[in-house]
Amino acid sequence: MTEPAAQEVLERIAAAEPELLTGVDVGNLGAEPAEPGGGQTEESDGRIEPVYDEATRRDIQGNIVPGFNKDHQHFLFLRICDREQARRWVAGISSSITSMDAALGFVREYRARRLAEGVRAPAGLTATWVNIAFSHPGIRTLAGADEAKRFGEESFRQGLAARSTYLGDPTSAEHPGHRDNWVVGGPDNEADVLVVVAADDEHDLTARVEEIRDGLDGLDVVYEQCAAALPGALTGHEHFGFKDGVSQPGVRGRLSEAPDDFLTPRYPAAPTAGDADKRPELYAKPGQQLVWPGQFLLGEPRQDTENLVDRAAQPEPPTYPEWARRGSYLVCRRLRQDVPGFWNFAAAAATRTGTTPEHLASMMVGRWPSGAPLMRAATADDPALAGDEFANNNFLFDDDTRPLPLRPIPGYPGDNFPRAEGDMLGTVCPHYAHIRKTHPRDIVTELGKPHDSMLRMIMRRGIAYGEPYLGAAHPDPDADRGLMFLCYGATIEDQFEFLTRRWSNLPNQPNDGGHDPVIGQRDSRGNRERHIDVPGADGSTLRITIERDWVVPTGGGYFFAPPISALTTALGGHLQPVPQQ
Amino acid sequence: MALVTRYDTPAGLRDVPEGSSFYDAWHEFVNGKVSDSPGSPWIDPVLVDADVVTVRALSWIGFPRATLTVDRRDDRAQGFADAEEAGATGAWRPRQFEYFEWYTTRDATGKVTKVAFSTETPQYFERLAEVDKERVVELYREHVDPAVQWDELVKADGTYDRHNRWTTIDGIMHYVNGINELDQAIGLAQGGAQATFVNLGDPGLAPARDNFEFLVIGGNAADDYIIREVAALGRSGFDITVHEPVGLYIDGWDDTGWTKPDGSPVGDYWRITRGRPGAVLRLEYEVPYEEGFVVGDILIGGRPVLHGGQLAEQMTSSLPVVVARRSS
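Those protein sequence lines, which keep their order, are chains A and B. Sequential numbering of the first sequence, starting at 1, is according to the numbering used here. Sequential numbering of the second sequence, starting at 1001, is according to the numbering used here.
Simulated from the structure, these hints should not be mistaken for laboratory data. All values derive from a computational prediction rather than experimental measurement. Note that beta-carbon positions come from the ideal geometry of N, C-alpha and C, so glycine has one too. Where hints are given, some of them may not hold.
Examples of chain B residues toward chain A, derived with CB under 8 Å [claimed, not checked]:
hint, residue
1, V1070
2, L1205
3, V1216
4, R1228
5, E1229
6, A1232
7, R1235
8, P1265
9, Y1269
10, G1301
11, T1316
Below, in silico cross-link-like pairs of lysine-lysine (DSSO-like), each with a Cα-Cα straight-line distance of 30 Å or less [what the hints assert, rightly or not]:
hint, chain 1, residue 1, chain 2, residue 2
12, B, K1260, A, K149
13, B, K1114, B, K1260
14, B, K1155, B, K1033
15, B, K1133, B, K1155
16, A, K149, B, K1111
17, B, K1114, B, K1155
The whole structure should be built from the sequences, with the hints applied where relevant.
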């Protein structure tokens, strides 16, 4: 159970009410031509963004972009038992797969109403969506070995279980986090197919899952996981109590040739003539960096390695089969969370460092429980800042953050919160803070310039699973609760694995100061000890050792979410007879 | 008070007895470069009184970034092979330009048996050879090959040859890539300090206000890291100088997720053979004979070790600097 000091914090977090923007009209922004002088700067040849017309949007799975982000989700991990039946089933479900096009229209309306009405979930706006992904063995079974070999992503070919200890997972089979003990995705229970079902309404979800389960043909259920956002004011928070998914990259690309019809709506005002400020080209909204779509969709223009805003060529020759273009790799990690373990550590460490458990825990995350960043709220939580999507992500780590002028947004009062000041020594947001390690923004990393960090970004699609601890009258401290971590990217090794192994798991990268105390895994010949160097008010640091695992991997897999068209060609439908010689 | 009165050798090496003129020569070499100050926020620590705020290890990846991220972005395996390609004479280890070089030893079947990493400079050995050539031969025999002879280490004029066969094609004693020099690394830090008040890309423009505005220095990690980080420290109001003992060091290696042929985690096969913990100059990786397998049998994340660069990818090198404030 949680210690009294920690319990007090948990009760406060559970009772806290979010402060949301209201009366803000973004209905037309991003879909209509801008006011004269507004919008984006002129694109040079290296910056012409691809147009995702309706036909293309209907071929891309919607959980990649813009993301489902629904409060109720269910994950079906399937094993293929009959190839031909499974191919027919895959072709059959293709018409049920939610595309970028379908999701995008809904998400835009949902967001516009949310900001206008000042609510988290607009009434009467619901949908139920389905996406699908395949492991490398699954593709080999369905499409054949030759097609499977054309995937150049070596980590995908190896699978999560084979890469587990490389990610810092326990090496001892005695540890519950060892791959041999996973509920799914271990050496003996890997899934060939992952179906993600998401709904705004719990009953809709249940009905859709039952329908899919009943219709399975040629596939067996290896494991299934129900997941749901935490209830009430904690919606969108993970089990430790912190708002999750605040920062996501903005994907470049257009929906049409209209001047301002961007895939990710853009709000910076155009620079005035002669202004050297290039940020309007870099950000979709304050703090949200624009990244080329090829970082998430195979075969699309990618982020350049030497220029922040230019695109780079696709791989040549392609590192994937042609039918896989505009698909994305999907990493799934089932991470069990020990809520009392996390907060009892925070309480004990707070006592040693002379701060509060809430502050200590927020330094571990880099944000307060509400989602307000420490960089803009150094001493106390600020729910209003957390609720302002134009402000809650607007900060650098190394240098002072200058205001970014925005286009007129009707009803938006402006960002009047304290500005983030440069924190090179990590005294406000420590070097070990989860958000500083996994999204270093302007920080120089071991690869040199921050340009490289843009190549590491992932599209996170996680959701909590298990009974809540926070807000429960008598929570079971040992219950199986945690996060279904999902992320998409055009590579697994250079994005998810890089973030995990090099920045979360190493104490000296991107800056020396400790391991990521939230998701960092570390196993050096059986030793799982980690540490954080907690900054004190006098500029000194106190090293505190972490001996307990409060995030334990318990399953998952590496998958590939193909374009929807592949479900009726390479991966599904009737097998074409092999021509006889 | 001044932070430094006399520059010591990297890691405080004592390759020749105390009192040798070698140490005077080394002090003069380092002092000549460090004192070549671009102005505030760079400090000449011999002359300027300052209070230390912290020591910061400017730390970057050992494997060449340009090969890993740019040239072979989509073919990592080929990148590892590329990084070990020999260049023409005078351009040895041409891709290993991260102030971090390595040499891979293989058995008759081509399997990797040992990888030696070094952050030592030819400048050190040139000065050492001027005062004690026997000691230089001893060091080569100890660290590279017992068969090394003095006449194999010198040029036709009898002076030390920094591109001799035992530190190029047949081993490694120190850097041989032309841009890996201690004074160049110090110069990068000084350039970073200068960048706080001068736009290095165009002196007619205002200096960069953050790392996104900063110009791109080049394709490697070290140059960009050192210049940007020092400039950012300067913009934050700190003064910066070298940290004693001044040197380039191997500051990190990560063998988690590496497995023996039986699938169990590898043992600790690293040996610091020059320098000391916290200031490592030479590191060797070799499996003890009694283990019954060699480096090439190890799997890193499930992949066999085919090149020394696969280890270098898991390593970092660094230039420690002092973050300070001038004494009032």
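In rising order, the numbers of the hints this structure does not comply with: When the structure is compared with the hints, only number 9 turns out to be violated.
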